[in-house]
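A.B. asks: Place chain B on chain A using the hints.
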Amino acid sequence: MSYVILVPLLPLLAAIVIGIAGSVLRKRSVRIAAPAVIAAFAGAVATLVLVTLNGPISVRFYEPSTAGLSVLSLGFYIDRLSAVMMVLITGVSTIIYLYSMRYMQQERGYARFHALLALTTFVLLCMVSSANILMLFIFWQLLSWLLYLLSYHYSHPPTIEGAFKTYAVLRVGDVAFLSGIILAYRLYGTLEFQPLFARAAEVPSTFSLWPGSGLEISAVTAITLLIFIGAMSKSAQFPMHVWLPASLYAPTPVHALLHAGIINAGGFLINRLAPLYGLAPDTLHVAFVIGGLTAIIAAAIMLTQSDIKTMLGFSTIGQMGYMIMECGLGAFALAIFHLIAHGLFKATVFLNCGNVIHMARQEPRFPPEHIHEKAEALPRLPWATGVVMTLLLPLIILLAAHGVLRVPLRDAQGAVIFLFFAWVTSAQAILSLYRLRAVGSWKVAGVMVFTMFLVIGTYLWAAESFTYFLYPAPGEAARYFEAAAFPPWLFDLFVVTVTVLIIGGWTVVYTNVRGEHILIPRWGLGLMPRLYMWFWNRLYIDTVYMRLGQALSRLARRVDAALPEWLP
Amino acid sequence: MHEVLVVTILPFLGATISLFLWSRPRVVKAAALLVAGVTVIGLASGAVTGSDPTATALMTLIAVTAFVAVLGQQLTRQAPLSIVVGLIILGLSLAALAGSQPVEHTFLGCIMGTVALLLLWRAIGPADALAWGAVAGLGVGILALAASAVVSGSIAAVLQLVACAILLPLFPLQAAFVGSLSNLPGTLPAFLAVVLPCLGWHGIVSLTSEVPVPLIHTVIALALVGALYEALRASVQFHLARIIVSITTILFSLVWWHVGATGKAAPEAGWYLSTVSLAASGLLLAGHQLEARYGFLDLDKLRGLARPTPRFATLVGLLLMAAMGLPLFGVFSTFMAMMIASPSPMPQSGVIVLLIWLIASLLLMRLLQRLLCGQPKPDVVYQDLTLTELLPLVLVLSLLALGVHVPVHLFQPAAQAHVTVVAEGTP
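One line per chain: the protein sequences are A and B, in this order. To convert, note that position 474 of the first sequence is 558 in this note's numbering; the numbers rise steadily by one, no gaps. To convert, note that position 227 of the second sequence is 355 in this note's numbering; the numbers rise steadily by one, no gaps.
Where hints are given, some of them may not hold.
[To be verified] Quick list of simulated restraints, FRET-style, between CB atoms:
(1) B/L530 / A/P119: 26 to 36 angstroms
(2) B/L271 / A/Q634: 39 to 49 angstroms
(3) B/V522 / A/A562: 50 to 60 angstroms
(4) B/V353 / A/L623: 32 to 42 angstroms
(5) A/S107 / B/F424: 26 to 36 angstroms
(6) B/G445 / A/I392: 29 to 39 angstroms
[Unchecked claim] Below, computed lysine-lysine pairings styled on DSBU-like, alpha-carbon distance capped at 30 angstroms:
(7) B/K505 / B/K429
(8) A/K249 / B/K505
(9) A/K111 / A/K393
(10) B/K429 / A/K249
(11) A/K249 / A/K393
These are calculated hints, taken from the structure and not from any lab test. Where is the CB? At the ideal position from N, CA and C, for every residue including glycine.
Pulled out of the complex, with its shape left as it was, chain A reads as follows (with noise of 0.2 angstroms):
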């Protein structure tokens, strides 16, 4: 079994031999990294195969003793989720790979860039089969100085403002992962997963804040708030989510890279770490709050945006704050599930982004002016498909979903939520696709009710599939879920607000578009513009970051103007 360690060494050998020969390769550097990758990718879904079929696949190269690190073993743990991550890392290279044949070749530094994309493979591979949380940490951190010589070209200055952001922000992630794991060392004693899972539910402890205050924290939920905040770094979740966009100069393919393979390194980590998160409720619930304000900060900044690669970098923000959201709420499998999806889709959306990109600079009329249309009198056939799909369904799903389903809803909060996932998700992507113009007929009405139908329930399919899939230990998925509940009169209140919210959506568009008028307070209108406004500024978050760097480099110059010369 131990043949698997060929699928990271592969990439790994590409980007030695690129690294060593780069110079006399050039362009033909392609022809080593591309069979490499691909042969990655070949042996990846075999080993899913057989992780399917025979369970986790483990391998020691090296054993905990005196000599170096003495609580580092190094080695590979192959279970589902590895497996399952790891032809999701080597099918995106490939793609990557076989995209930039063409696509880089004009670039002066071809080689160096496949040996530093076969290299990033190399280590998203080892990171998630990573044997224990050090060797998983000491892979984490070399992904941000990877991250950083991909995103950088060293004489742009915005570019290397922006690579400076990106080391930044993932150091600070990467400090206090690093926290989290010298507390658990120190708390239990060991690093390696099993082990560390069982004796934090063995011994609950907590501690303390601060000596003789008083204030107390459990240590599970240290822990895993500490290595959450180097989730949220990596995931790009708010307020950390500002390196995303200051990467925005790095070519496409790394940009593919980084939005379907490197940004679901927080997603992963959650997993990863699943039975601890089950036991820190409080964790979980601040991860939904963390995911639930990025997802609507990115999603209403992306929307007041007019470059496409800033567009689809919020849009990342916002699919990573519902992936985090999704963790929060103990559907450990569904963020899993859907950051494949998510990584598959947009890795495509911005290789073809890059297409365009070239495409309207080489050609003057394109894009093509945007012609206003008139507005047409409202039909009413397109409009109550809409209502039956946005508004009806969802309120039906919610409401009634535990007699049909029977679901008791107080005790499954997660799939409730889970259902207005799907619906959203759904529906978005249904009108999308047919504008709500375009539905002209009754037949064309009932094809698309019955595609958003289908879609959900294939979605619900492959969700529930793929939970028993990863988390094959009877009432396992279960009992996060149970981790994550809200409390009772929160969740109700949470049900209440996005009801309302739905309902009240739906009555403000509906007589907008009739023409009518809805009463609005002034200051209500008198706010429009000016939230537009904040979020096409981004909140001015990177504009505060700004300014805090500046007073302290001002503070710093003062004090050393007034500190004598002979003190060193």
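C.D. replies: Frame of chain A, contents of chain B only:
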């Protein structure tokens, strides 16, 4: 014992011969390489051992650094001076590590005196405040060592600790370390970046008297305040060597924090110290290559080295990566080991330590960007490293990579718990 004597005398012999060859820098360098090489082989082969495992490990490290420093020395006008003083300091430091007290203190005093004399000999003017600060600091160190010989008990321990704080920089006594490494010629700063902290560490390990508890608490506070202070100073500097030394001081303050927090000179901290000093040495060596080419190390005048000097940029990038504490290099693993060996689950000061670690990391990244990124200056003629110039930097990087697997027991003191804290309420 004879082997120790030979290894100790050999550098002095080399220095004496070099004095006669002063006008032929190439020959001086070759002779010094031979001496340093033989010393390294003698120590690494196990033929020569120090007074304890820690001393032997430190002696080997110092000898290897001496070899690398001589190898990296450019044949400039300053080369013979740098090489000869380097050999003298090598001999003195090996003697200090091989001998027991009071011999050790005598040699430590000699090292401080040599460095101070060299600073004075380089005719520092009244404007060189930093160099004067260094001379004053070294003077205080010599006085502290001398005074510790005539007193005993806690006072002697405090005086010895002061001397150690001058060698292994601790706020507010960092003047000697910062001033020396920023002002000395050639590759001496790269060599002293390893020698001074190693000797300071050995001094801490060899402390025989008891250190009072309030002093230990003070050490923790000084270490943390000093790190933040140096971070502030480093952020406004524009001289490459000065920035490297300041950041190294920040990283060394974590060693002091660990000594204070654990109440002992733990082997993990010694291991961490050795990797940090090696990384600093490598960076200063790279700085020397730049200074030899361009005559200055002003970051405002020097930038954009990544494109015109790719070999240099790659090696400096890797060295900075190591100093930042990124994996694959010893600084990361030793820092992890040191933090894991810290006293309580997560002491409040531990949070500050991690913050300091983060700040140091960001300062190093800023240094990398200032040095390597940006458009190259049109008025500078860039020249990449030759293969022979690459070698010392590659050696340092290899040592840093090997640092991941250095056995902790090498830094295990011969006797247990040397920095003994007098527990409050203990009779």
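A.B. asks: Holds or violated: are the alpha carbons of A/K249 and A/K393 at most 30 angstroms from each other?
C.D. replies: With a Cα-Cα distance of about 18 angstroms, the restraint between A/K249 and A/K393 holds, given a limit of 30 angstroms.
A.B. asks: Starting from A/K111, check that the Cα of A/K393 is at most 30 angstroms away, please.
C.D. replies: 27 angstroms, holds
A.B. asks: Does the Cβ pair B/V522, A/A562 satisfy 50 to 60 angstroms?
C.D. replies: 56 angstroms, holds
A.B. asks: Quick one, are A/K249 and B/K505 close enough, alpha carbons at most 30 angstroms?
C.D. replies: 24 angstroms, holds
A.B. asks: Taking 26 to 36 angstroms as the stated bounds, is the beta-carbon spacing between A/S107 and B/F424 within them?
C.D. replies: At 31 angstroms between Cβs, range holds.
A.B. asks: If you check the beta carbons of B/L530 and A/P119, does the distance land in 26 to 36 angstroms?
C.D. replies: 33 angstroms Cβ-Cβ, so the 26 to 36 angstroms window holds.
A.B. asks: Could one say that the CB atoms of B/V353 and A/L623 fall in the range 32 to 42 angstroms?
C.D. replies: 36 angstroms Cβ-Cβ, so the 32 to 42 angstroms window holds.
A.B. asks: Does the structure keep B/K429 and A/K249 at a Cα separation of 30 angstroms or less?
C.D. replies: Roughly 24 angstroms between the alpha carbons, so the hint for B/K429 and A/K249 holds.
A.B. asks: Quick check on a hinted range of 39 to 49 angstroms for B/L271 and A/Q634, using CB atoms only.
C.D. replies: 44 angstroms, holds
A.B. asks: Is it true that B/G445 and A/I392 lie within 29 to 39 angstroms of each other by Cβ?
C.D. replies: 32 angstroms, holds
A.B. asks: Take the C-alpha atoms of B/K505 and B/K429, compute the straight-line distance between them, and say whether it is at most 30 angstroms.
C.D. replies: The hint holds at about 8 angstroms.
The structure agrees with every numbered hint stated previously.
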